[in-house]
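Generate coordinates for the entire structure from the input sequences, incorporating the hints supplied.
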Amino acid sequence: MQDDAAGGGAMRGQIKKGYVRPLDLKRGRVDLGHGGGGRAMGQLVDEMFAAAFANEYLAQGDDGAVLPAPGAGERLVLATDAHVVSPLFFPGGDIGCLSVHGTVNDVAMMGARPLYLAAAFVLEEGFPLADLARIVQSMAAASRDAGVPVVTGDTKVVEQGKGDGVFITTTGVGALSPGRDISGRGARPGDVVLVSGTLGDHGTAILSQREALGFETEIVSDTAALHRLVENLLVAVPDVRVLRDPTRGGLATTLNEIATQSGVGITLDESAIPVDAQVEAACEFLGLDPLYVANEGKLVAVVPGERAAAALAALQAHPLGRRAAVIGEVSADPNRFVQIRTAFGGRRMVDWLTGEQLPRIC
Amino acid sequence: MKYVDEFRDGALARKLAAAIRAEVAPDRRYAFMEFCGGHTHAISRYGVTDLLPPNVRMIHGPGCPVCVLPIGRIDMAIRLGLESGATIVSYGDCLRVPASGGLSLLKAKARGADIRMIYSAADALALAQKLPSRQVVFFAIGFETTTPPTALVIRQAQALGLGNFSVLCNHVLTPSAIISILESPDVRELGTVPLDGFIGPAHVSTVIGSRPYAFFAEEYRKPVVIAGFEPLDVMQAVRMLVRQVNQRRAEVENEFTRAVTEDGNLKAQALVAEVFELRRSFEWRGLGHVPYSALKIRRAFADFDAEVRFGLDYVAVADNKACECGAILRGVRKPTDCRIFGTVCTPENPMGSCMVSSEGACAAHYNFGRFRDVPVVAA
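If you read the protein sequences in the order shown, they are chains A and B. Using the working numbering, read the first sequence as starting at 63 and increasing by one per residue. Using the working numbering, read the second sequence as starting at 111 and increasing by one per residue.
Don't read these hints as lab results, they were simulated from the structure. Wrong hints could be hidden among the right ones.
Straight-line Cα separation of at most 27 angstroms, DSSO-like style, residue types lysine-lysine; simulated pairs [what the hints assert, rightly or not]:
1. A:Lys88 to A:Lys78
2. B:Lys217 to A:Lys224
3. B:Lys444 to B:Lys431
4. A:Lys224 to A:Lys88
5. B:Lys240 to A:Lys224
6. A:Lys224 to B:Lys219
7. B:Lys217 to B:Lys431
8. B:Lys406 to B:Lys377
9. B:Lys240 to B:Lys219
What follows is a set of in silico ranges between Cβ atoms, one per label pair, in the way DEER data are often shown [stated by the list, open to error]:
10. B:Val484 to A:Ala372: 32 to 42 angstroms
11. B:Gly195 to A:Pro251: 55 to 65 angstroms
12. B:Gly271 to A:Glu221: 35 to 45 angstroms
13. B:Val484 to A:Glu221: 49 to 59 angstroms
14. B:Asp115 to A:Ala372: 31 to 41 angstroms
15. A:Thr142 to B:Arg131: 48 to 58 angstroms
16. B:Ser243 to A:Leu129: 48 to 58 angstroms
17. A:Pro130 to B:Val484: 50 to 60 angstroms
18. B:Ser194 to A:Glu221: 26 to 36 angstroms
19. B:Val427 to A:Lys88: 53 to 63 angstroms
20. A:Pro251 to B:Gln266: 57 to 67 angstroms
21. A:Arg196 to B:Asp115: 34 to 44 angstroms
Just so you know, these numbers come straight off a predicted model, no measurement behind them. Built from N, CA and C at the ideal position, the CB exists for glycine as well.
Below, the structure written as structure tokens:
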């Protein structure tokens with residue numbers, strides 16, 4: 063537990079001048095004081111966040127970070143993403159690295175170079191500081207690996223029962239080179255659709271950890287920052303039309319968004335869609351469809367038909383795109399339907415997800 | 111996936127499709143009802159219809175457990191959750207079924223009722239053990255497949271002397287539903303529903319066996335082929351039904367021999383008989399009151415019967431007037447015949463129960479087959 067006085071009277075003689083007891087990362091817990099704006103909060107910010115994310119912009123220590131302007135002719139891209147995930151720690155990652163990857167990817171899907179992140183933490187009273195430290199360390203490592211520093215942030219503490227441990231909102235700024243025009247409105251009839259790898263890994267890894275399910279797998283989340291993979295792709299195929307990361311709602315939802323925004327139809331080949339055998343089996347067991355299960359380290363690209371081979375090669379040349387595949391094509395369709403040719407030999411729609419995906423009864 | 115992919119093989123499907131095409135009489139129409147939602151799902155999910163000749167029509171039957179659940183039964187659970195503060199647990203699909211007053215279990219949850227999704231009956235019992243200070247009510251639904259697990263947890267709760275666990279039982283029986291369809295004027299006298307045979311249930315039959323269907327085949331002269339839930343099972347069953355029709359046979363055949371025997375699972379049957387007895391009558395959505403078509407908890411286990419414990423009364427509630435779920439469940443109408451299909455009634459905002467579960471005829475058509483209703487655009 064957190065004590066506010068620095069030790070008892072008997073100890074006074076041995077304490078160095080200016081000593082402040084550090085955060086108790088072994089047994090300490092978040093309390094309302096950590097959100098109060100006083101010393102306790104200052105200590106949490108300094109020892110937990112500033113130490114982990116250390117960089118020159120954060121060190122400015124002001125209400126906002128003063129940043130250099132991007133290159134001449136470049137435009138700014140701004141994206142934000144609130145992260146709530148249960149459990150907070152899952153095979154292959156945790157909410158910390160996820161909150162970096164999620165926003166870096168949102169910026170990257172615009173074709174932009176991610177530059178900076180801002181992070182806001184909503185902490186629940188009673189949350190163990192040790193777990194918070196693990197999350198922040200993982201976040202810092204992800205930010206370092208991605209080369210995208212966290213330059214400013216905010217912390218709030220809510221009463222016990224009013225949060226779910228930790229919520230993290232990250233906002234990312236990126237720079238977009240002149241001439242790049244990547245958007246959900248870009249798909250045209252004759253284009254092809256690619257994915258950068260196997261689908262459904264993240265959502266299945268999370269589900270397998272929920273206690274009620276009680277089944278064990280070795281499936282790990284695919285959470286990863288995709289901006290370097292995107293750069294690879296854009297060097298080889300500068301005229302990429304659409305980039306999206308199929309997170310919540312999975313591939314099916316992302317493709318329906320693209321079809322709606324672009325005013326086109328999309329037809330997929332079921333047998334071309336990469337799904338890991340374990341994920342397929344787990345989804346079968348749970349009555350889920352991997353096309354609707356979340357990914358955190360995959361992208362969907364729409365490119366002109368004649369660029370299919372170049373795009374595929376560029377994706378496959380990067381470790382995060384090794385299992386990339388061409389999975390379908392864009393057609394003219396005023397109904398903006400997404401359809402699939404089943405491996406079985408039939409045809410059906412791949413519609414928007416209704417509510418949450420729920421397991422079937424029989 | 112080993113042992114599953116074999117039943118979804120596209121090359122085999124093409125061979126079977128060719129065999130069916132060769133066997134159907136070109137001048138005759140064939141209409142078969144797949145009773146189970148599991149079959150409906152397989153047909154839509156794999157696009158089986160595309161592989162069948164145009165003169166073979168599949169009618170989606172009432173075998174989707176949430177689709178046949180009448181509004182009044184869900185109202186009972188909602189009242190219980192909102193008024194007596196009990197924790198209501200049920201299977202995921204159940205939570206979205208529309209009830210009275212624009213509510214569903216999920217919406218009641220947003221209004222403060224403690225409603226939780228479970229994956230099995232055992233989860234319900236475990237939750238009651240974990241929350242000794244709360245009344246935990248398992249809203250149990252389903253056909254003969256999900257009944258034995260419910261029976262088991264009731265028996266376990268009795269053995270444990272668990273005072274805070276009870277079951278709101280809505281278990282229904284497949285054979286009575288099939289009889290109700292065959293006895294309906296549409297089928298029996300008017301002949302407005304051409305029904306040439308049934309694809310019999312997969313999982314249900316693993317419990318009750320193939321024997322109970324012999325009666326329909328004989329009495330009503332309708333062939334029955336019990337089939338598994340994989341798409342090749344469905345196609346093989348269609349082929350067997352076509353053959354029976356062509357040869358003027360009306361027999362019970364078993365395509366699903368890898369799981370279904372003549373007698374079924376005798377242990378499960380004994381367990382169900384120990385805990386449950388027949389209800390004199392039960393309301394089905396779409397079929398109305400069907401005699402001896404559902405189960406209730408026996409007096410010996412009355413302590414675990416939520417209807418007894420909380421003194422619940424059933425109030426029948428009529429479906430939305432424009433909703434055609436009833437006629438659709440009997441095979442009299444197709445989803446697209448309903449005026450509110452896809453307009454007022456969508457999976458996001460279902461009016462009728464057939465739009466709720468992906469096994470329901472309307473939701474299956476909306477989610478998987480709606481592209482067939484519009485002019486074909488070249489890909």
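Hint check:
{"no.": "1", "hint": "A:Lys88 to A:Lys78", "in the structure": "23 angstroms, holds"}
{"no.": "2", "hint": "B:Lys217 to A:Lys224", "in the structure": "20 angstroms, holds"}
{"no.": "3", "hint": "B:Lys444 to B:Lys431", "in the structure": "17 angstroms, holds"}
{"no.": "4", "hint": "A:Lys224 to A:Lys88", "in the structure": "24 angstroms, holds"}
{"no.": "5", "hint": "B:Lys240 to A:Lys224", "in the structure": "22 angstroms, holds"}
{"no.": "6", "hint": "A:Lys224 to B:Lys219", "in the structure": "17 angstroms, holds"}
{"no.": "7", "hint": "B:Lys217 to B:Lys431", "in the structure": "22 angstroms, holds"}
{"no.": "8", "hint": "B:Lys406 to B:Lys377", "in the structure": "19 angstroms, holds"}
{"no.": "9", "hint": "B:Lys240 to B:Lys219", "in the structure": "20 angstroms, holds"}
{"no.": "10", "hint": "B:Val484 to A:Ala372: 32 to 42 angstroms", "in the structure": "35 angstroms, holds"}
{"no.": "11", "hint": "B:Gly195 to A:Pro251: 55 to 65 angstroms", "in the structure": "57 angstroms, holds"}
{"no.": "12", "hint": "B:Gly271 to A:Glu221: 35 to 45 angstroms", "in the structure": "38 angstroms, holds"}
{"no.": "13", "hint": "B:Val484 to A:Glu221: 49 to 59 angstroms", "in the structure": "53 angstroms, holds"}
{"no.": "14", "hint": "B:Asp115 to A:Ala372: 31 to 41 angstroms", "in the structure": "33 angstroms, holds"}
{"no.": "15", "hint": "A:Thr142 to B:Arg131: 48 to 58 angstroms", "in the structure": "56 angstroms, holds"}
{"no.": "16", "hint": "B:Ser243 to A:Leu129: 48 to 58 angstroms", "in the structure": "54 angstroms, holds"}
{"no.": "17", "hint": "A:Pro130 to B:Val484: 50 to 60 angstroms", "in the structure": "53 angstroms, holds"}
{"no.": "18", "hint": "B:Ser194 to A:Glu221: 26 to 36 angstroms", "in the structure": "28 angstroms, holds"}
{"no.": "19", "hint": "B:Val427 to A:Lys88: 53 to 63 angstroms", "in the structure": "58 angstroms, holds"}
{"no.": "20", "hint": "A:Pro251 to B:Gln266: 57 to 67 angstroms", "in the structure": "60 angstroms, holds"}
{"no.": "21", "hint": "A:Arg196 to B:Asp115: 34 to 44 angstroms", "in the structure": "40 angstroms, holds"}
Checked against the numbered hints given earlier, the structure satisfies every one of them.
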